[in-house]
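Using the hints provided, position chain B relative to the given structure of chain A.
Chains as they are written, first to last, in this note's numbering: chain A, 1 to 54; chain B, 55 to 344.
Be aware that one or more of the hints could be misleading.
Short derived list, chain A residues pointing at chain B, Cβ under 8 Å [to be verified]: (1) 7; (2) 15; (3) 18; (4) 19; (5) 20; (6) 21; (7) 22; (8) 47; (9) 50; (10) 51; (11) 53.
The set of hints was computed from the structure by calculation and includes no laboratory data.
Model, not experiment: these values are computed from the prediction.
In this text, a Cβ means the ideal position worked out from N, Cα and C, and glycines have one as well.
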Amino acid sequence: MTECTECGGDVDLHDDVEVGEIVDCATCGAELEVVGDDPVELDTAPELEEDWGE
Amino acid sequence: MNVGVLYSRIRRDEKLLLRELRDRGHDVTKVDVRKECFGVHGPPAALEDVDILVDRCLATSRSRYVTRFVEAYDVPVVNEPETAAVCADKAHNSLALAEAGIPTPATEVAFTKESAMESIEGFGYPCVLKPVVGSWGRLMAKIDSRSAAEAILEHKETLGHYEHKVFYIQEFVEKPGRDIRVVATDGEPVAAMARSSEHWLTNAAQGAETEELEVTPAMAELVERASEAVGGGLLGIDLMEVGGADSREYTVHEVNHTVEFKALDEVTDADVPGAVVDWLEARAGVEVTA
Chain A
1 MTECTECGGD
11 VDLHDDVEVG
21 EIVDCATCGA
31 ELEVVGDDPV
41 ELDTAPELEE
51 DWGE
Chain B
55 MNVGVLYSRI
65 RRDEKLLLRE
75 LRDRGHDVTK
85 VDVRKECFGV
95 HGPPAALEDV
105 DILVDRCLAT
115 SRSRYVTRFV
125 EAYDVPVVNE
135 PETAAVCADK
145 AHNSLALAEA
155 GIPTPATEVA
165 FTKESAMESI
175 EGFGYPCVLK
185 PVVGSWGRLM
195 AKIDSRSAAE
205 AILEHKETLG
215 HYEHKVFYIQ
225 EFVEKPGRDI
235 RVVATDGEPV
245 AAMARSSEHW
255 LTNAAQGAET
265 EELEVTPAMA
275 ELVERASEAV
285 GGGLLGIDLM
295 EVGGADSREY
305 TVHEVNHTVE
315 FKALDEVTDA
325 DVPGAVVDWL
335 EARAGVEVTA
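Just chain A, with the same shape it has in the complex (with noise of 0.2 Å):
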């Protein structure tokens, strides 16, 4: 369990949670980036754009 640097609230992770991976905060629905995974750290999540996609 991670504090939501959003809201502050509790947000539940997988196991194999992977730094760069986007994850959704249940509270708030901000979409967190998980920037550490030893321990787990999280930060907001950069805003989608223009040239990104497949």
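Structure of chain B alone, referenced to chain A:
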């Protein structure tokens, strides 16, 4: 082998890939391209031990530049920068397909509102206006009338970025409520899915329903040729059926070079990440011993 994964966001696709690589005992070096600097005289330390790099950059601009730098460092990279350059831009993509004689929708590029309007009127209504760089069906416009065209062109011209003044205009293809995505490695299909929607956009990212689809010989032939036309690699080739779902006639509208495969993996019996890593292993074997 040590597989470097160039990324800025780990999507479910990358997680599938990372898991498959680790399960097979490969070392994985994750390279967050946002944290690196790429010099013209030598690679950043993060790339020192990798045998092969897989470009999984979410941002097309980063993908194009980083693969070019990596090529200069003589580090094998998939997909190659030439492929990224062609696939990243819809105009280049369409040109490559047309030059190879592959059926692809009629397309024109214009650089002013006036010439774009002329092109749109030439196609008639509806026709389609797309950004030259972009994905997931964003900023795509199906133009139904002259007044809609005028408004959309004015909006695009004021969006700011110069790329929005490259007007990419395409015929509207009447498809049977679906299009087809084939994931292929160097032209060899891994699996295919149909993406269906009542909306004219049928991107999985736009919420289209997906189901596995058998790759017909005609599809396979087009996939092989389209892959070759853009330089090969791990690709997502998008086709539309022309003349109905049973016609077995297709037009190829796009080839994607940092293909997302999670949606396909969910609907197919094929092991998509497994096939991708099989291909990577073969590719790395060739590159490392070359």
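Under 8 Å is the threshold here; is the Cβ of residue 20 of chain A close enough to any Cβ of chain B for the hint to stand?
Cβ of residue 20 of chain A sits 4 Å from chain B, so the hint holds.
Satisfaction of the residue 53 of chain A interface hint, Cβ to chain B closer than 8 Å:
2 Å, holds
Going by Cβ atoms only, is residue 18 of chain A closer than 8 Å to chain B?
5 Å, holds
Under 8 Å, Cβ to Cβ, is where residue 51 of chain A needs to be relative to chain B, so tell me if that hint holds or is violated.
Because about 4 Å separates residue 51 of chain A from the closest Cβ in chain B, which is inside the 8 Å limit, the hint holds.
Given residue 7 of chain A was flagged as interface, is its beta-carbon under 8 Å from a beta-carbon of chain B?
22 Å, violated
Hinted contact residue 22 of chain A with chain B - closest CB pair below 8 Å:
6 Å, holds
Regarding the hint that residue 21 of chain A lies at the interface with chain B, is the smallest CB-CB distance below 8 Å?
Since the shortest Cβ distance to chain B is 4 Å, the answer is holds.
Does residue 50 of chain A hold up as a contact with chain B if the rule is Cβ-Cβ below 8 Å?
Holds. Min distance 6 Å.
Against chain B, run the beta carbon of residue 15 of chain A and see if the smallest gap drops under 8 Å.
12 Å, violated
Report holds or violated for the interface hint on residue 47 of chain A, using the least CB-CB distance to chain B and a cut-off of 8 Å.
12 Å, violated
Please check whether residue 19 of chain A passes as an interface residue: C-beta within 8 Å of a C-beta belonging to chain B.
7 Å, holds
In summary, the structure is inconsistent with hints 1, 2, 8 from the numbered list given earlier, while agreeing with the others.
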